[in-house]
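> Spelled out from the first residue to the last, the chains are:
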Amino acid sequence: DQQVKQNSPSLSVQEGRISILNCDYTNSMFDYFLWYKKYPAEGPTFLISISSIKDKNEDGRFTVFLNKSAKHLSLHIVPSQPGDSAVYFCAAMSSGSQGNLIFGKGTKLSVKP
Amino acid sequence: KAGVTQTPRYLIKTRGQQVTLSCSPISGHRSVSWYQQTPGQGLQFLFEYFSETQRNKGNFPGRFSGRQFSNSRSEMNVSTLELGDSALYLCASSRIQGNTEAFFGQGTRLTVV
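Those sequence lines, one after another, are chains A and B. Numbering-wise (the numbering used here), the first sequence opens with residue 1 and increments by one. Numbering-wise (the numbering used here), the second sequence opens with residue 1 and increments by one.
Watch out, some of these pointers could steer you wrong.
Stated by the list, open to error - Here are the simulated SDA-like cross-link-like pairs (lysine to any residue), alpha carbons at most 25 Å apart as the crow flies:
#1 Lys-38(A) to Thr-38(B)
#2 Lys-38(A) to Ser-69(A)
#3 Lys-105(A) to Gln-17(B)
#4 Lys-68(A) to Thr-38(B)
#5 Lys-68(A) to Tyr-39(A)
#6 Lys-112(A) to Phe-62(A)
#7 Lys-71(A) to Ser-95(A)
#8 Lys-13(B) to Asp-55(A)
#9 Lys-105(A) to Ser-86(B)
#10 Lys-108(A) to Phe-64(B)
#11 Lys-108(A) to Thr-53(B)
#12 Lys-108(A) to Ile-53(A)
#13 Lys-56(A) to Asn-22(A)
#14 Lys-57(B) to Gln-17(B)
#15 Lys-71(A) to Ala-41(A)
#16 Lys-5(A) to Lys-13(B)
#17 Lys-57(B) to Ser-10(A)
#18 Lys-5(A) to Val-112(B)
#19 Lys-38(A) to Gly-62(B)
#20 Lys-38(A) to Asn-100(A)
#21 Lys-105(A) to Phe-60(B)
#22 Lys-105(A) to Phe-64(B)
#23 Lys-5(A) to Ser-70(B)
#24 Lys-57(B) to Lys-112(A)
#25 Lys-57(B) to Lys-108(A)
#26 Lys-5(A) to Gln-17(B)
#27 Lys-57(B) to Phe-46(A)
#28 Lys-108(A) to Pro-39(B)
#29 Lys-108(A) to Ile-96(B)
#30 Lys-108(A) to Thr-80(B)
#31 Lys-38(A) to Gln-17(B)
#32 Lys-105(A) to Thr-38(B)
#33 Lys-56(A) to Pro-113(A)
Just so you know, these hints were derived from the structure itself, not from any lab.
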C-alpha cells in the first residue's frame with residue numbers, strides 16, 4: 001500500500017509558466033516532507049522541505065504548500081525553465097521513524113522552450 | 001566540498017553471488033541511509049546508520065545488510081543475489097540522524113543475471 005502517491009507520472013509545461021507537482025499521503029504520522037529532483041544517471045538532489053507545523057515554505061522559484069487536513073502537498077515552480085526538466089520525487093517521514101524516507105514514484109516534468 | 005561518493009557505479013553479478021557496495025558520505029555527515037530504486041517500486045528505504053549503529057530498517061529480507069565505520073563510510077551487502085535485486089542502489093548522507101535534507105550519491109547500478 002503506497003503511503004506517498006504522486007498520481008501524475010508526467011507533466012509538460014511551457015517555459016515561463018507555472019509548474020505544479022502534486023503529492024498525496026495517507027499516513028497521518030508523517031510530519032516532515034521533502035521534494036527531490038532527479039536527472040538521469042544522477043542521484044536525487046534535495047530541493048525543498050516543509051515541516052507539518054507550517055503550510056508554506058518558499059525558496060526562490062520553488063514553493064511547497066502543505067494541506068494537512070487533505071494530506072496533500074504541492075510543489076510550485078515559477079517561472080519554469082527548461083533546466084527544470086527532471087523527475088521530481090515527493091518524500092515523507094515521521095519523527096518517530098527518523099531516517100525512513102517514504103518516496104512517491106515521481107513525476108517527470110518537461111519544460112518546453 | 002565533495003559530495004556523496006558511491007562505488008562502484010556499475011556492477012554485474014550472477015544469481016547466488018554476494019555483493020558489497022560502498023558509500024562515502026559528505027565530510028562531517030554522520031548519518032548514512034541506503035535506498036533501492038526500481039521502476040516498479042520506486043525508491044524504497046533499506047536502512048540508516050548513525051554513529052556506526054543501525055538506527056532504522058526498512059522491509060527488506062535479511063540478505064540485505066550493512067555497516068558503518070568510524071569514519072562514517074558505509075557498506076551495504078547483499079547475499080545470495082536474486083534477479084529481482086537488480087536495481088539502482090542509492091546512498092544518502094545527512095549531518096544528523098533523521099535524513100532531513102539528505103544528500104544522495106549517484107548510485108550503484110546492480111544487474112543480476
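> Please go over all the hints and tell whether each is borne out by the structure.
Each hint, compared with the structure:
| no. | hint | in the structure |
| --- | --- | --- |
| 1 | Lys-38(A) to Thr-38(B) | holds, 14 Å |
| 2 | Lys-38(A) to Ser-69(A) | violated, 29 Å |
| 3 | Lys-105(A) to Gln-17(B) | violated, 29 Å |
| 4 | Lys-68(A) to Thr-38(B) | violated, 29 Å |
| 5 | Lys-68(A) to Tyr-39(A) | violated, 29 Å |
| 6 | Lys-112(A) to Phe-62(A) | holds, 18 Å |
| 7 | Lys-71(A) to Ser-95(A) | holds, 17 Å |
| 8 | Lys-13(B) to Asp-55(A) | violated, 46 Å |
| 9 | Lys-105(A) to Ser-86(B) | holds, 17 Å |
| 10 | Lys-108(A) to Phe-64(B) | violated, 30 Å |
| 11 | Lys-108(A) to Thr-53(B) | violated, 36 Å |
| 12 | Lys-108(A) to Ile-53(A) | violated, 29 Å |
| 13 | Lys-56(A) to Asn-22(A) | holds, 14 Å |
| 14 | Lys-57(B) to Gln-17(B) | holds, 23 Å |
| 15 | Lys-71(A) to Ala-41(A) | violated, 31 Å |
| 16 | Lys-5(A) to Lys-13(B) | violated, 32 Å |
| 17 | Lys-57(B) to Ser-10(A) | violated, 31 Å |
| 18 | Lys-5(A) to Val-112(B) | violated, 29 Å |
| 19 | Lys-38(A) to Gly-62(B) | violated, 29 Å |
| 20 | Lys-38(A) to Asn-100(A) | holds, 19 Å |
| 21 | Lys-105(A) to Phe-60(B) | holds, 18 Å |
| 22 | Lys-105(A) to Phe-64(B) | holds, 22 Å |
| 23 | Lys-5(A) to Ser-70(B) | violated, 37 Å |
| 24 | Lys-57(B) to Lys-112(A) | violated, 40 Å |
| 25 | Lys-57(B) to Lys-108(A) | violated, 29 Å |
| 26 | Lys-5(A) to Gln-17(B) | violated, 34 Å |
| 27 | Lys-57(B) to Phe-46(A) | holds, 22 Å |
| 28 | Lys-108(A) to Pro-39(B) | holds, 13 Å |
| 29 | Lys-108(A) to Ile-96(B) | violated, 30 Å |
| 30 | Lys-108(A) to Thr-80(B) | violated, 34 Å |
| 31 | Lys-38(A) to Gln-17(B) | violated, 30 Å |
| 32 | Lys-105(A) to Thr-38(B) | holds, 10 Å |
| 33 | Lys-56(A) to Pro-113(A) | violated, 29 Å |
Figure legend: structure checked against the earlier numbered hints; hints not met, in rising order: 2, 3, 4, 5, 8, 10, 11, 12, 15, 16, 17, 18, 19, 23, 24, 25, 26, 29, 30, 31, 33.
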